[in-house]
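Could you build the full structure based on these sequences and the hints that come with them?
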Amino acid sequence: AEPGYLIYVRDNALFAQPFDAKKAALSGEPTLLAENVHHFFGPGHAAFSVSQTGVIAYQAAETPVRLVWLDRQGKELGVLGQPAVVDFVRISPSGNRIAVAVEDSRFGTSDLWVFEAASGASTRLTSGQIDESAPVWTPDGARLFFRVDDKGPPDIDQMVVGSPGSERALLIQPGVQ
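If you count the sequence shown from 1, position 70 lands on 563 in this note's numbering, and the numbers rise without skipping.
I should point out that these hints are in silico values taken from the structure, not numbers from a laboratory. All figures in this text were calculated on a predicted structure; none of them were measured in a lab. Where hints are given, some of them may not hold.
[As the list claims (entries may be wrong)] Label-pair ranges, simulated between beta-carbon atoms:
1) 550 - 612: 40 to 50 Å
2) 614 - 567: 22 to 32 Å
3) 614 - 518: 44 to 54 Å
4) 571 - 540: 27 to 37 Å
5) 623 - 518: 23 to 33 Å
6) 563 - 518: 45 to 55 Å
C-beta: ideal position from N, C-alpha, C; glycine also.
Okay, structure coming up:
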């Protein structure tokens, strides 16, 4: 892209639009550069980069994938859940559960789910219009810490797995109302 343009993603499409840096204002009409560009669940995160010479690289949007268990030889042992757009797959310390962020296409956010490795049974831990992602298991596998993004600086929450209503804020970013 030439200097003087703002490059951005809107509705999974990559655009270039003239930008006046002195006025901090867009001008003219946007030009479509690419469609089907991957964006992360939270706002403001898209998978593209622009070089100093104007070369643009981007990652195509993901399609729903299947979560599968494989043995060391690559043989499929089982399928977890239905095909979905997922991110942040985390296996528990004991290896018996998997936490994953699953996109909720109704809201453009992600919710946390836990799958049981042996049975494939799933439990939705969070739901709604707030983006929850990036789960991290505690060493004992009893709790998850995760990112909560309500269109501002993200917070960190924790919850006891298998205990509905146990979610509580661990770190709240100041200045977000």
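Now the hints, each set against the structure:
Checked against the hint of 40 to 50 Å, the C-beta distance between residue 550 and residue 612 comes to roughly 41 Å, which is consistent with it. Distance hint check: the CB atoms of residue 614 and residue 567 are about 24 Å apart, consistent with the given range 22 to 32 Å. About 53 Å separates the C-beta atoms of residue 614 and residue 518, a value consistent with the hinted range of 44 to 54 Å. As the Cβ distance of residue 571 to residue 540 is approximately 30 Å, the hint placing it in 27 to 37 Å holds.
Judged by the Cβ atoms, the range 23 to 33 Å given for residue 623 and residue 518 holds: they are separated by roughly 31 Å. At about 52 Å, the CB distance of residue 563 to residue 518 agrees with the hint of 45 to 55 Å.
Checked against the numbered hints above, the structure violates none of them.
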